Amino acid sequence: MMDKAYVAGQVESDIYRRWEEAKAFSPSGDTTAGSFCISMPPPNATGQLHLGHAVMLAIEDIMTRYARLKGKNTLWLPGTDHAAIATETLVIRNLQKNEKIADPRQTLGREKVLERIVDYIEHSRATIREQVRQMGSSCDWSRESYTMQDSLSRVVREVFVKMYRDGLIYRGPRLVNWDPKMQTTVSDDELEHVEEKAKFYYFKFGPFTIGTARPETKFGDKYVVVHPDDARYAQYQHGQTFAVEWINGPIVATLLKDAAVDPEFGTGAMTITPWHDAVDFEMAERHQLDRGQQVIGYDGKLLALAGEFVGMDIQAARPLIVEKLQAKGLLVKVDDHYLHKVAVSYRGKGMIEPQIREQWFIAVNKPVSTWQGKWTGQSLSLKQVLQQVVREGDIRILPKRFDKTYFHWIDNLRDWCISRQIWWGHRIPVWTRGSEVFVGVNAPAGEAWLQDPDTLDTWFSSALWTWSTLIDPALAADPALSLTDLLQRSPDFQTFHPTTVMETGYDILFFWVARMILMTTYNVGQIPFETVYLHGLVRTRDGKKMSKSSPETSIDPLDMIQKYGADALRLALVVGQTPGNDTKLYEEKIAGYRNFCNKLWNASRFVLDSKPDAFYAGLKLVQPEWKDFTPLQQWILGELAQVQKKVEKRLEASKIGDAAQLLYDFVWGDFCDWFIEFTKQDLRSADPVVVARAQYVLMVTLAQSLKLLHPFVPFVTEAIWEHFGHRLQTMPTDLVHSPLLITAKLGSLPDIKTSTKLQQKVSALQMIISQLREKKQQLGATAKGQIYVKVVEVEAVLGEFLLSQAAYLSALAGVLLVAAEAKVETNRAIKISAGTVVLELLFNEESADAGQQKQKLQAELTEVEQRRVHSEQLLGNVNFTGRAPEAVVAAEQAKLEQLQQLQMLLQEQIKKL
RNA sequence: GGGCGAUUAGCUCAGUUGGUUAGAGCGUCUGCCUUACACGCAGAAUGUCGCAGGUUCGAGUCCUGCAUCGCCCACCA
Numbered sequence: 011m012m013d014k015a016y017v018a019g020q021v022e023s024d025i026y027r028r029w030e031e032a033k034a035f036s037p038s039g040d041t042t043a044g045s046f047c048i049s050m051p052p053p054n055a056t057g058q059l060h061l062g063h064a065v066m067l068a069i070e071d072i073m074t075r076y077a078r079l080k081g082k083n084t085l086w087l088p089g090t091d092h093a094a095i096a097t098e099t100l101v102i103r104n105l106q107k108n109e110k111i112a113d114p115r116q117t118l119g120r121e122k123v124l125e126r127i128v129d130y131i132e133h134s135r136a137t138i139r140e141q142v143r144q145m146g147s148s149c150d151w152s153r154e155s156y157t158m159q160d161s162l163s164r165v166v167r168e169v170f171v172k173m174y175r176d177g178l179i180y181r182g183p184r185l186v187n188w189d190p191k192m193q194t195t196v197s198d199d200e201l202e203h204v205e206e207k208a209k210f211y212y213f214k215f216g217p218f219t220i221g222t223a224r225p226e227t228k229f230g231d232k233y234v235v236v237h238p239d240d241a242r243y244a245q246y247q248h249g250q251t252f253a254v255e256w257i258n259g260p261i262v263a264t265l266l267k268d269a270a271v272d273p274e275f276g277t278g279a280m281t282i283t284p285w286h287d288a289v290d291f292e293m294a295e296r297h298q299l300d301r302g303q304q305v306i307g308y309d310g311k312l313l314a315l316a317g318e319f320v321g322m323d324i325q326a327a328r329p330l331i332v333e334k335l336q337a338k339g340l341l342v343k344v345d346d347h348y349l350h351k352v353a354v355s356y357r358g359k360g361m362i363e364p365q366i367r368e369q370w371f372i373a374v375n376k377p378v379s380t381w382q383g384k385w386t387g388q389s390l391s392l393k394q395v396l397q398q399v400v401r402e403g404d405i406r407i408l409p410k411r412f413d414k415t416y417f418h419w420i421d422n423l424r425d426w427c428i429s430r431q432i433w434w435g436h437r438i439p440v441w442t443r444g445s446e447v448f449v450g451v452n453a454p455a456g457e458a459w460l461q462d463p464d465t466l467d468t469w470f471s472s473a474l475w476t477w478s479t480l481i482d483p484a485l486a487a488d489p490a491l492s493l494t495d496l497l498q499r500s501p502d503f504q505t506f507h508p509t510t511v512m513e514t515g516y517d518i519l520f521f522w523v524a525r526m527i528l529m530t531t532y533n534v535g536q537i538p539f540e541t542v543y544l545h546g547l548v549r550t551r552d553g554k555k556m557s558k559s560s561p562e563t564s565i566d567p568l569d570m571i572q573k574y575g576a577d578a579l580r581l582a583l584v585v586g587q588t589p590g591n592d593t594k595l596y597e598e599k600i601a602g603y604r605n606f607c608n609k610l611w612n613a614s615r616f617v618l619d620s621k622p623d624a625f626y627a628g629l630k631l632v633q634p635e636w637k638d639f640t641p642l643q644q645w646i647l648g649e650l651a652q653v654q655k656k657v658e659k660r661l662e663a664s665k666i667g668d669a670a671q672l673l674y675d676f677v678w679g680d681f682c683d684w685f686i687e688f689t690k691q692d693l694r695s696a697d698p699v700v701v702a703r704a705q706y707v708l709m710v711t712l713a714q715s716l717k718l719l720h721p722f723v724p725f726v727t728e729a730i731w732e733h734f735g736h737r738l739q740t741m742p743t744d745l746v747h748s749p750l751l752i753t754a755k756l757g758s759l760p761d762i763k764t765s766t767k768l769q770q771k772v773s774a775l776q777m778i779i780s781q782l783r784e785k786k787q788q789l790g791a792t793a794k795g796q797i798y799v800k801v802v803e804v805e806a807v808l809g810e811f812l813l814s815q816a817a818y819l820s821a822l823a824g825v826l827l828v829a830a831e832a833k834v835e836t837n838r839a840i841k842i843s844a845g846t847v848v849l850e851l852l853f854n855e856e857s858a859d860a861g862q863q864k865q866k867l868q869a870e871l872t873e874v875e876q877r878r879v880h881s882e883q884l885l886g887n888v889n890f891t892g893r894a895p896e897a898v899v900a901a902e903q904a905k906l907e908q909l910q911q912l913q914m915l916l917q918e919q920i921k922k923l
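Just so you know, we're using my numbering here: the first sequence kicks off at 11 and counts up by one.
Check before you lean on any hint, since a few could be wrong.
Said to hold, decoys possible - Lysine-lysine pairs mimicking BS3-like chemistry, simulated, CA-CA at most 25 Å apart:
(1) Lys637 / Lys763
(2) Lys594 / Lys665
(3) Lys393 / Lys376
(4) Lys573 / Lys555
(5) Lys659 / Lys755
(6) Lys665 / Lys717
(7) Lys359 / Lys110
(8) Lys609 / Lys621
(9) Lys359 / Lys554
(10) Lys393 / Lys232
(11) Lys311 / Lys334
(12) Lys80 / Lys214
(13) Lys717 / Lys599
(14) Lys609 / Lys637
(15) Lys338 / Lys351
(16) Lys755 / Lys767
(17) Lys172 / Lys209
(18) Lys655 / Lys80
(19) Lys393 / Lys172
(20) Lys573 / Lys609
(21) Lys755 / Lys80
(22) Lys207 / Lys334
(23) Lys14 / Lys33
(24) Lys621 / Lys659
(25) Lys214 / Lys343
(26) Lys351 / Lys555
(27) Lys376 / Lys311
(28) Lys555 / Lys655
Note that these hints are calculated values from the structure, not bench results. All values derive from a computational prediction rather than experimental measurement.
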């Protein structure tokens, strides 16, 4: 016997364990229906599961379970990311806070700090693993991967070496985004621009007046730049030199003309500081100038060049520098309300100071790729390959509009700085000894080699994720094998790459998705995935981002799972979720889907437990033929088949929310509210065949619904499935299935004929029932006893149908239906229009005021006439028939006929009164 | 500055290639513990579909402009 209510918390972990024990998450190995693979975007190995993860897991699990249901050889590969900067910062901060070590790097040294990080990660990875399980994720844990595991680290080094030898990775002095707080570089994409109100200063610079918001960088400036077409400066020549009295004394400056200067801004003249500004750096490169001098140190303090300001913090020095310039009579004016944006680090939120440093880069514009797509023979740059694979449709991005942002991003893409000055991560496989340089997968032999202290950008290793995780770790341990060997000999790679879908948040399209395409096309010669499904952000009810800083607005997925179950949370996250759009989540929504789970549970309870075991014991049923089913049974089976078709279509079109909604409506509406209620009538029958057949249809419909629902709500469906076992023994054999729902195949129900005619008849029946219920409720207060309904006027076929279903009609509407000939005591008439039918129903209620009645009817008549006229005009219009589809014309004609009929009926009645 | 998206019931959102009287859930109101479910059943009320034009027999849906909100990108020092 099933419990009265479904309590998710009591069964979920148990069910998950059973799935794992049955190894249900591993690929079946049967590739007849094709293979399917998703690489799980690795959550950071730090931290807790948040709603972003939850949406990702829900969507991917639905895709995965659906693939399994369709019999595909399915793999969803889980893993975690070492999250270099985030993790290192966190561990360092913990050491400072908990162990009072002021400067852990200094005190402990590289090895010890790394040990602490590894300890920390081991612990938090275990946590996140558990949390991923709680969502019901059916990923294959036996293949769990981690960016820092040996096999992946090896691949990282292989790729570095390959790209270095191919001339794509190089080292050079470049302007980088330096984060003085974290003491590392940050990539362009890891920047955030924050609006800030500042002062904007105008200074005399020789004959010019220049504008700047950063006087503290200006010590070494010796170039002033204007726009080539600026009439105000037409008298000066490009390259002309002149003497300037500047902050720390007289200098010789040079004038440059460059179109990058905006003549409208400030005075149209500026000085450049290549060492601390990206635009200036590019301008210096363009005119082949020297790169100037470093003014600000890596610690964010002024250097010797600043003269007496040396060692000062920028913020503190700025006003003093301005003061000095003013004293020298160089300050022209100050604009106090200057609004601009400053760059801060996405991770640490520290102010970014551009600096020139020696860094490792990947060249994106160098034409070297051997990409074997439709462009064999051409030599393409990495950038071009990135564009081609999406433009030519090898990779499809959902929603499509993100193509544009993607292309735009690529257009502006500069060489990717891959080195980071932190310790946690893959160390750059480059060793030096004096002037010797060694680049290799393993350390060079011999003494005194020093390895580059920097590590690689986290995204370097994540960019390899779709395939580095499919390489057999045992093979990767063999140094004799080349990267090509590893790929060719790893069965998982051969079976599952390119992966089917990359499902992730649109916020990391550039960080990650684009880089996977870049690194995979180049190093493997394959696309990493066929489709990119980008989900949106989860927001609060009023559209705000959920953040840790305001815990009262944010929802903890783990709390919700505990309270409402993982299934409810999954549905709440997925219904209404369309690719690329944000969704709002709030507790009532989750509660609503919890209710649905309970509804499903109870409907199942009715189906499975409404008859005692003894009843089933005596029952031996053969599979009924189509004609044996009652019209209502045929109807529900037809609806079910149709829903299945639609759900499959939506899922294949990645419309996950729509598919879920469809099933929700079918189960709650068609199945529970109507079919089960209709069926109660059959179950009361004295004829065991009638009862058995009714039970059969309930079972079949429920079983198939459970299969369809399983990807969305795996726990409750599996829990119900468990109770199916002993009941199914009495059912025809084609329903017998695997003991676990997770491994069941969807299949399709045999011999179902969906009929639009039948659907129309049933919806007419439903509409009449609804309207009778309403009428009954209206009369409820006054009417005593039974209400008699007489079918007076009805289109022949439909009328026949309605009369044949009279028992159901009267049961569900709570009215007693009498035969057409039966006497009716009083004569108050109401009309019910239902689809293409007009019924007149008579109630034994007190006779109403005739005048009032007439007035009402008259009003109705006028409306009907208007609609009739409109309809006639429409059909009379040539364009209408010329352009509209036939079905519309037919419908319009039917509507017209009906209106004409109704009009006559009304006229007759008015006459009678 | 450039690009993208959103605007439909009190709230959160559906609305397929233009086509019957624009839908759902939550909330509200009314009546029900009808032996699957009160996490429920039955019923009701609520909409100038952001604004202004245009195309069309017909526009929530297509076009133009405007407004408000949100996001992304960008080198105005």
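Status of each hint after checking the structure:
Simply put, lysine 637 and lysine 763 have alpha-carbon atoms about 10 Å apart, close enough for the 25 Å limit, and the pair holds. Simply put, lysine 594 and lysine 665 have alpha-carbon atoms about 18 Å apart, close enough for the 25 Å limit, and the pair holds. Restraint check: the Cα-Cα separation between lysine 393 and lysine 376 comes to about 9 Å, which is no more than 25 Å; the hinted pair holds. Between lysine 573 and lysine 555 the CA atoms are separated by roughly 23 Å; this keeps the pair inside 25 Å, and the hint holds.
The suggested pairing of lysine 659 with lysine 755 holds, with an alpha-carbon distance near 17 Å, which does not exceed 25 Å. Of the pairs offered as hints, the one joining lysine 665 and lysine 717 holds, with about 18 Å between alpha carbons and a cut-off of 25 Å not exceeded. Distance check on the hinted pair: lysine 359 and lysine 110 sit about 23 Å apart at the alpha-carbon level, within 25 Å; holds. Of the pairs offered as hints, the one joining lysine 609 and lysine 621 holds, with about 19 Å between alpha carbons and a cut-off of 25 Å not exceeded.
Distance hint between lysine 359 and lysine 554 is fulfilled; the C-alpha atoms sit about 20 Å from each other, no more than 25 Å. With a C-alpha separation of about 36 Å, the suggested pair lysine 393 and lysine 232 falls outside the 25 Å cut-off, and the hint is violated. With a C-alpha separation of about 18 Å, the suggested pairing of lysine 311 with lysine 334 holds against the 25 Å cut-off. For a cut-off of 25 Å, the pair hint linking lysine 80 to lysine 214 is broken: about 75 Å separates their Cα positions.
Distance restraint check for lysine 717 and lysine 599: the Cα-Cα separation of roughly 24 Å lies within the 25 Å cut-off, and the hinted pair is therefore satisfied. Restraint check: the Cα-Cα separation between lysine 609 and lysine 637 comes to about 31 Å, which exceeds 25 Å; the hinted pair is violated. Distance hint between lysine 338 and lysine 351 is unfulfilled; the C-alpha atoms sit about 30 Å from each other, more than 25 Å. Only pairs whose Cα atoms come within 25 Å are accepted, and lysine 755 paired with lysine 767 is rejected, the gap being roughly 31 Å.
With a CA separation close to 49 Å, the supplied pair lysine 172 and lysine 209 exceeds the 25 Å bound. Proposed proximity of lysine 655 and lysine 80 is supported: the alpha carbons are some 13 Å apart, at most 25 Å. Between the alpha carbons of lysine 393 and lysine 172 the distance comes to roughly 18 Å, so the proposed pair stays at or under 25 Å and holds. The suggested pairing of lysine 573 with lysine 609 holds, with an alpha-carbon distance near 17 Å, which does not exceed 25 Å.
Our distance criterion of 25 Å between C-alpha atoms is met by lysine 755 and lysine 80, whose separation comes to about 6 Å. For the proposed pair lysine 207 and lysine 334, the alpha carbon gap of about 23 Å is at most 25 Å, so the pair holds. Our distance criterion of 25 Å between C-alpha atoms is broken by lysine 14 and lysine 33, whose separation comes to about 31 Å. For the suggested pair lysine 621 and lysine 659, the alpha carbons sit about 36 Å apart, so the restraint of at most 25 Å is broken.
For the given pair, lysine 214 sits about 10 Å from lysine 343 by alpha-carbon distance, which is consistent with the 25 Å threshold. Straight-line distance between C-alpha atoms of lysine 351 and lysine 555 comes to about 21 Å, which keeps the hinted pair within the 25 Å bound. Between lysine 376 and lysine 311 the CA atoms are separated by roughly 37 Å; this puts the pair beyond 25 Å, and the hint is violated. Pair hint lysine 555 plus lysine 655 does not hold up; C-alpha atoms about 37 Å apart against a cutoff of 25 Å.
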